[in-house]
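Now that you have both chains on their own, put them together as the hints suggest.
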Amino acid sequence: MSEQTSGSDTGQDALQDFLQVVSHDLGEPLRQVISFGEILEDEEHERLSESGREYLHAMIGAGVRMRAMLDGVLQLARVSSRAQPFAPCDLNHERDAALLFLESDIRRRQATLNLSPLPSVVGDALQMRQLLRQLIENAIKFAKPGEPPVIRIAEQPSSDPAWIEWVVEDEGMGIDPRYQQVIFDVFQRLNASEAYPGVGVGLTICQRICERHGGQISAVGSEGQGLCMTVRLPQRAPPGAG
Amino acid sequence: MPDVLIAEDDPAALHLTLKALSIVNSRIRPHIARNGAEALAFLRRQAPYTGAPKPDLIVLDWNLPKVHGREVPAVTRSTDAIRDIPIVVVTTSDAEKDREEAAHLGVNEYVVKAPHFRDFVASVRDFTERYLGTEQDEE
Chain Z
1 MSEQTSGSDT GQDALQDFLQ VVSHDLGEPL RQVISFGEIL EDEEHERLSE
51 SGREYLHAMI GAGVRMRAML DGVLQLARVS SRAQPFAPCD LNHERDAALL
101 FLESDIRRRQ ATLNLSPLPS VVGDALQMRQ LLRQLIENAI KFAKPGEPPV
151 IRIAEQPSSD PAWIEWVVED EGMGIDPRYQ QVIFDVFQRL NASEAYPGVG
201 VGLTICQRIC ERHGGQISAV GSEGQGLCMT VRLPQRAPPG AG
Chain C
1 MPDVLIAEDD PAALHLTLKA LSIVNSRIRP HIARNGAEAL AFLRRQAPYT
51 GAPKPDLIVL DWNLPKVHGR EVPAVTRSTD AIRDIPIVVV TTSDAEKDRE
101 EAAHLGVNEY VVKAPHFRDF VASVRDFTER YLGTEQDEE
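Chain order of the listed sequences is Z and C.
Numbered per the numbering used here, the first sequence spans residues 1 to 242.
Numbered per the numbering used here, the second sequence spans residues 1 to 139.
Just so you know, these hints were derived from the structure itself, not from any lab.
C-beta: ideal position from N, C-alpha, C; glycine also.
One or more hints might be untrue.
Stated by the list, open to error - Selected chain C positions facing chain Z (in silico; Cβ < 7 Å):
#1 Leu16
#2 Tyr49
#3 Pro53
#4 Thr92
#5 Ser93
#6 Lys113
#7 Pro115
For reference, chain C alone in the conformation it holds in the complex (with noise of 0.2 Å):
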């Protein structure tokens, strides 16, 4: 079962992603971060997160209160064990300079997340089945 941290402090945003999440892929176990020094230290195991498993696949907001999303691929980048993670940036703001230093700190991909769900349900569906295959490799 794939793990999948998922950094997001808006609870009807979450809410939304969960649910995309599930309708692509049922079998995605969602472990959630509220910010970004949450997320860090996910990928650190610091705790209350020292059982926390090696995710599979980042989703990231970018705006994250705390420590800001940029913090996020800049850590993981820069360290052995988490290095090789995908990291796909959801957002809802197309800001060029945004998409410019996430491709320089080593993001994946940068989604912005269209207004109709079935929408933002294909653009998920397409990044998971990049990153961590469909539902059927894994069987």
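Extracted from the complex, chain Z is given alone in its bound form (with noise of 0.2 Å):
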């Protein structure tokens, strides 16, 4: 557990600000256009030539998906700018928190989860919670097309005792063994169809978490035989961690 000190208080709150700053003045222009797209889409549709609502259809795409970056920025950063002091943490607790949130993402794709009971960490409840449903929400996403996710929670044995492990196992699509690592990549998408929708942020940020806790997470699999996401993380997190 960690104090934070009065100096990194005025770090977090300058960063918060950074951020709201951001948020605020590159949010509004955004928002403009994409609503005078919108508009000028609905208003001058007929005298508009066919490539001209191409033209027009691809920009208000391109600001909404800026619009979506520039969220996904936002959540990256708040990884640290609201970032809660550690305490002890029962990950069974924060993950049936995961799974309640994504509710009807399960029942609507029929998902079988196998769960078994995981440990208990010292860390950031929030983000514990946030970090196990990015990982159940991916493997959803990237369950193979027509057939129901099969995922596995647990716990895997550590050969070091002041480390835990677990798993977000899934018999997905799985990825080519080459991105294993560059899936962690702010802005990176393997699977850039609108079948999949997303910015590439979702990994980066449980990466950040992982982190921010002394830990680490790594993803093992190969194209069309699912995916394995381990994370590994210290039983009492390191000093200055938090």
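Here it is in structure tokens:
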């Protein structure tokens, strides 16, 4: 557990203020681009040529994508700016809260969940929940087309008692092993099809959360053979973490 | 016809707000203040607004120049003649401290502008119906 110093409070406040400025000052002109584009599309539809309509549609799409990326950058920055102090945290509780949040997706995709007890850690409970939710959400999203997702969430034996490990494993589309590291880079999307919405910040956020807790996350899989995401965290966060 | 005071400094944002208001209620009579000082002068009926009506609703951008948006609810809620005017903050900022401050100062609603125009119109329809009633109510 760590104590925030007044100096780091000031730093967090400054970061928070900066993020609000970014959110507001970039967000408003972007909203205007999207909104005026949509009004043009609605009201001048008949007067635009077919290619004019296509260009406009692409412009609005680009604006919407940029808005999503801006939101992604803000979410990423909030891993540290909205961080909570570390405290004992039961991962089973956080997993159940994450599953509750994803309940409609799980039901709609008829996902099968194989759950085993998870350990406790000292950490930021909300971020642990966010981490679990993101990994489960990805496992649902990247199931093989037409197949219900099958997801296993379990603790994994660790060779070092000072560390705990747990996995979120699926039987979905998997990834080319060459991209096992790249998927954690911000705005990296291996599947840019409209069938898989997102801007590619989810796993970067997961990595940042693990790093903040003094741990790591890794991906192992191959194309068509599912993906196993392993989270490795220290039983107790190292000094300075959190 | 309901009188609505819109305090907004950004011309493009003002255009979108006026358009949304005209879509949801064609009978609204808009009055525009380009900064916080103009909004306060309008509410106090100071020159050049000596004949200004008491607005039925104030649509307020929070980050206004000259006099900050926070002064509008602060003054409105402490002035008997205008204390009861509903105030809706319409902004792009979802900063928790702004929301809290607005609520503390007696703002009725804090609306974060949606990126899509039709969603923005829906939120404008929602709060105008709540504070002004529907067009049919006025007839």
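Hints versus structure:
Residue-level restraint check for Leu16/C holds (minimum Cβ-Cβ distance to chain Z is 5 Å; threshold 7 Å). Interface restraint check for Tyr49/C: the shortest CB-CB distance to chain Z comes to about 27 Å, outside 7 Å, so the restraint is violated. Taking 7 Å as the C-beta contact cut-off toward chain Z, the hint placing Pro53/C at the interface is violated, the least distance being around 29 Å. Checking Thr92/C against chain Z by beta carbon gives a least distance of about 4 Å; that is within 7 Å, so the hint holds.
About 4 Å separates the beta-carbon of Ser93/C from the nearest beta-carbon of chain Z, less than 7 Å, and the hint is met. Here the hint on Lys113/C is kept, as its CB sits about 6 Å from the closest CB of chain Z, short of 7 Å. The closest approach between the C-beta of Pro115/C and any C-beta of chain Z is roughly 5 Å, which is under the 7 Å cut-off, so the hint is satisfied.
Violated hints for the displayed structure, listed by number in ascending order: 2 and 3.
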